[in-house]
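Those protein sequence lines, which keep their order, are chains A and B.
Going by the numbering used here, 187 is the number at position 158 of the first sequence; the sequence numbering is gapless.
Going by the numbering used here, 454 is the number at position 425 of the second sequence; the sequence numbering is gapless.
Everything hinted at is true.
Identical copies carry no separate label here, and so any pair may be met within one copy or between two of them.
Distance condition first, Cα-Cα at most 20 Å in a straight line; then the derived EDC-like pairs of lysine to aspartate or glutamate:
#  : residue 1 : residue 2
1  : K278      : E94
2  : K278      : D110
3  : K275      : D82
4  : K283      : E138
5  : K497      : D307
6  : K278      : E268
7  : K275      : D179
8  : K381      : E441
9  : K278      : E89
10 : K275      : D175
11 : K275      : E89
12 : K283      : E94
13 : K283      : E103
The set of hints was computed from the structure by calculation and includes no laboratory data.
The primary structure of each chain is shown beneath.
2 protein chains.
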Amino acid sequence: MGSGVFPSAGYVMRKILLLASLPLLAIALPSTALAQNGSAQADRLRDAALKDDVAYDIVEGLTTEVGPRLAGTEAEARARDWGLRRLKALGFSNVHIETYDMPVWVRGEERAEIVAPFPQPLVVTALGNSAATPPQGLTAQVVGFDSLADLEAAPDAKVRGKIVFVSHGMSATQDGSQYGYFGAARRNGPSVASRKGAAGIVIRSIGTDYHRNPHTGVQMWAAGVTPIPAGALTLPDAEQLQRILKRGKPVTMKLTLTPRNIGMQQGGNVVADVPGTDKDAGMIVIGGHLDSWDLGTGAFDDASGVAITAAAAKRIMEAGRPRRTIRVVWFGAEEVGGNGSKAYRLAHPNDKVVFVAESDFGADRIWRMDPGFAPANSAVADRVAAVLAPLGIGRGTTPAAAGADLGSYAREGVAAIDLQQDGTRYFDYHHTPDDTLDKIDPEQLRQNVAAWTAMLSVVANAREDIAKGAPRP
Amino acid sequence: MGSGVFPSAGYVMRKILLLASLPLLAIALPSTALAQNGSAQADRLRDAALKDDVAYDIVEGLTTEVGPRLAGTEAEARARDWGLRRLKALGFSNVHIETYDMPVWVRGEERAEIVAPFPQPLVVTALGNSAATPPQGLTAQVVGFDSLADLEAAPDAKVRGKIVFVSHGMSATQDGSQYGYFGAARRNGPSVASRKGAAGIVIRSIGTDYHRNPHTGVQMWAAGVTPIPAGALTLPDAEQLQRILKRGKPVTMKLTLTPRNIGMQQGGNVVADVPGTDKDAGMIVIGGHLDSWDLGTGAFDDASGVAITAAAAKRIMEAGRPRRTIRVVWFGAEEVGGNGSKAYRLAHPNDKVVFVAESDFGADRIWRMDPGFAPANSAVADRVAAVLAPLGIGRGTTPAAAGADLGSYAREGVAAIDLQQDGTRYFDYHHTPDDTLDKIDPEQLRQNVAAWTAMLSVVANAREDIAKGAPRP
Chain A
30 MGSGVFPSAG
40 YVMRKILLLA
50 SLPLLAIALP
60 STALAQNGSA
70 QADRLRDAAL
80 KDDVAYDIVE
90 GLTTEVGPRL
100 AGTEAEARAR
110 DWGLRRLKAL
120 GFSNVHIETY
130 DMPVWVRGEE
140 RAEIVAPFPQ
150 PLVVTALGNS
160 AATPPQGLTA
170 QVVGFDSLAD
180 LEAAPDAKVR
190 GKIVFVSHGM
200 SATQDGSQYG
210 YFGAARRNGP
220 SVASRKGAAG
230 IVIRSIGTDY
240 HRNPHTGVQM
250 WAAGVTPIPA
260 GALTLPDAEQ
270 LQRILKRGKP
280 VTMKLTLTPR
290 NIGMQQGGNV
300 VADVPGTDKD
310 AGMIVIGGHL
320 DSWDLGTGAF
330 DDASGVAITA
340 AAAKRIMEAG
350 RPRRTIRVVW
360 FGAEEVGGNG
370 SKAYRLAHPN
380 DKVVFVAESD
390 FGADRIWRMD
400 PGFAPANSAV
410 ADRVAAVLAP
420 LGIGRGTTPA
430 AAGADLGSYA
440 REGVAAIDLQ
450 QDGTRYFDYH
460 HTPDDTLDKI
470 DPEQLRQNVA
480 AWTAMLSVVA
490 NAREDIAKGA
500 PRP
Chain B
30 MGSGVFPSAG
40 YVMRKILLLA
50 SLPLLAIALP
60 STALAQNGSA
70 QADRLRDAAL
80 KDDVAYDIVE
90 GLTTEVGPRL
100 AGTEAEARAR
110 DWGLRRLKAL
120 GFSNVHIETY
130 DMPVWVRGEE
140 RAEIVAPFPQ
150 PLVVTALGNS
160 AATPPQGLTA
170 QVVGFDSLAD
180 LEAAPDAKVR
190 GKIVFVSHGM
200 SATQDGSQYG
210 YFGAARRNGP
220 SVASRKGAAG
230 IVIRSIGTDY
240 HRNPHTGVQM
250 WAAGVTPIPA
260 GALTLPDAEQ
270 LQRILKRGKP
280 VTMKLTLTPR
290 NIGMQQGGNV
300 VADVPGTDKD
310 AGMIVIGGHL
320 DSWDLGTGAF
330 DDASGVAITA
340 AAAKRIMEAG
350 RPRRTIRVVW
360 FGAEEVGGNG
370 SKAYRLAHPN
380 DKVVFVAESD
390 FGADRIWRMD
400 PGFAPANSAV
410 ADRVAAVLAP
420 LGIGRGTTPA
430 AAGADLGSYA
440 REGVAAIDLQ
450 QDGTRYFDYH
460 HTPDDTLDKI
470 DPEQLRQNVA
480 AWTAMLSVVA
490 NAREDIAKGA
500 PRP
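Okay, chain A solo, but in the shape it has when bound:
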């Protein structure tokens, strides 16, 4: 019936640092073509996957027939049922749902307005775990900071009783690394503001687009901190507020956010297997997350991840039984605390998992492969690099970290590969109402499936043992 799984404050930090840790100096090295050990089949499967329609059908179906699927809600349950049906129809083995219980926070009304000196509405959304304002709203003076550091440095007296506004300078990058750095305004800003006695906080959305669609996202209250109302303004609204503050007159805001905690609810992971021929060779676990934020339909985040991994696994399955079992997990509750991945680890303590890989960064072109193998397995990484090069994918130097759901394996030293998607436009849509099907480029999605198929073909069929490396930070 599922055990209770609670998110920890460290989760959000770790999840975001997975992105932040991408190095500035990662250089795509020319790959050495080592055409051996099954790579002719990998080449063939790769090229065939460039015509894949399975992944797009999954993204289209899940976003259309379920739509938004907030963790722990009945929408996520519908998504699991949808996933169960689809994965069975695709021919996977051992398709089943594993449930767990989790606390659930749901959005309410969301409004913000400048009351003085220039009355006008602003567009806001609540951050995850935000406290509620009174139903009629919270009216207070605004105190603005250009960065989280400025807020941290401010005397409590400047903040007490006010609505804090925190801006930042995040910009779009191919590797998405600015999300980790500037995302601190969301992760830590609310707790810092509350500690200083703020009545509420609004941040500039952790995003890169100039549309009136705010970016939500989870934040966890630090231990001992009193939750306060916490929201994100769109970039146009945040800059409007900055211009208004710069006029130098006292600025009063009325903020209305009425989210609620609805207690323990059921969440779940959907599991599907491609059985291997050699149990002793260990199991591969891949996947993405089935839940989405509630504002959009979660096409980029992360219908595409569950679609890419399932479509690639299906191609391996249809090419003949691989050496290693490939398990596809569509995780629940990634967005709100990783409850699904924690429950999965608790439910499968004895699996011999030798390799993990996760897709949770949209569906734009994969441009870099970051391997994470023990030194003894460097030849596997070389073969993967060679089979990916024709797709325009270079080899990076960052040790693979997997993602929020499978990163715990990688941290223990389990081998992993990160197939890095182009993130240039990812934070235009991520966690906003704009994360919808129309943002998916079918051709780039196919390149993802081709890369994943080729990578899985090499790793699942590698004749070597895949060793565990040293634990990673």
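The hints should help you fit chain B onto chain A, whose structure is shown.
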């Protein structure tokens, strides 16, 4: 105190056809350089205006210090006060407000959701003059049409009691002409649906962007038609609904729109003059509109128009008194029915207006000059074309129509020039929450000011009489 001015159903059609009438074959002809009759000064003023900051300051100030300014509301009144102060500060003469009374419709709650077969929220906004649903919403089956023509051809029985959904194929064009053609879904769709007994209607937004920001806009109920709830879905939501309908199961929508008519309120125009030296030479009237839709801050539509025209007139004023008086009018209530321009015509029946020009199509680069002069004044058009050519502006062959506010003069045969702005991205923002300051490109705005300054310099100082031509359709 202002007279009562009511919008007519024909207004919306005419306003939109002003754009629709742009010909498909308009070709920019090489202009003949006729350096005479004051064009050296025009050249000088044009080049100086490429460093203009006045227009941007107006757009920034109006959108920041007032924000949204729906016609007939206290926000529009604040915009008038702001305009009065700013135009006086800029040194104009005879700066004053002319008020009138008008009926006002204001937005309420707006929500839409698919109830079955795939429950999920959709993003909707009410169209102008929409009727309200019950406060708890209207739940009905959806019947979809790919075009207004398909709706018109449908038997009443197919529509009766249902929520009609109308799609269309509008795409982005440089001349914006598709707004007229596809905009019929908004202008006429609600009346057609009501006549057939529909319970409500939602249309695909008359726009070109894939963000979850719906496009509002005015529609007038045809004579004898019962108002029904009428809204617009964003493009991602409209395509989602199409995909859901294509699954072939009955689709039920719950639509909640609670706009209200708040009766007669005061509106007004702001008037400012650059006095000329020769009363007998007649007056020039230029301008844009001060009101905006309520969803955005009306940067493109039309803070930029009032800014461009005022900035250009100020440059003429500072270059020495022109031959002809230039009147700048910042019209009220353009968006909801042209109440401001009608009131202006009623208040000024005896002015000798010899030339009009209007800016109401954003602030992107002007690419074409369409003259509208009597044959006797072709040399004036030639001189304007010559002074604009260095800005990359070609000469078109469409007779100038002015715009929604000054088009009535042009239709009577008053000379006019249309300085056509690039409309490629205009309908990404127009009438949406996304029409905000960040969309303004300061360099393109300066090119607009330069073109307007050069054009005004030629026309205001032309030694010839400016004749009236034949009335136009």
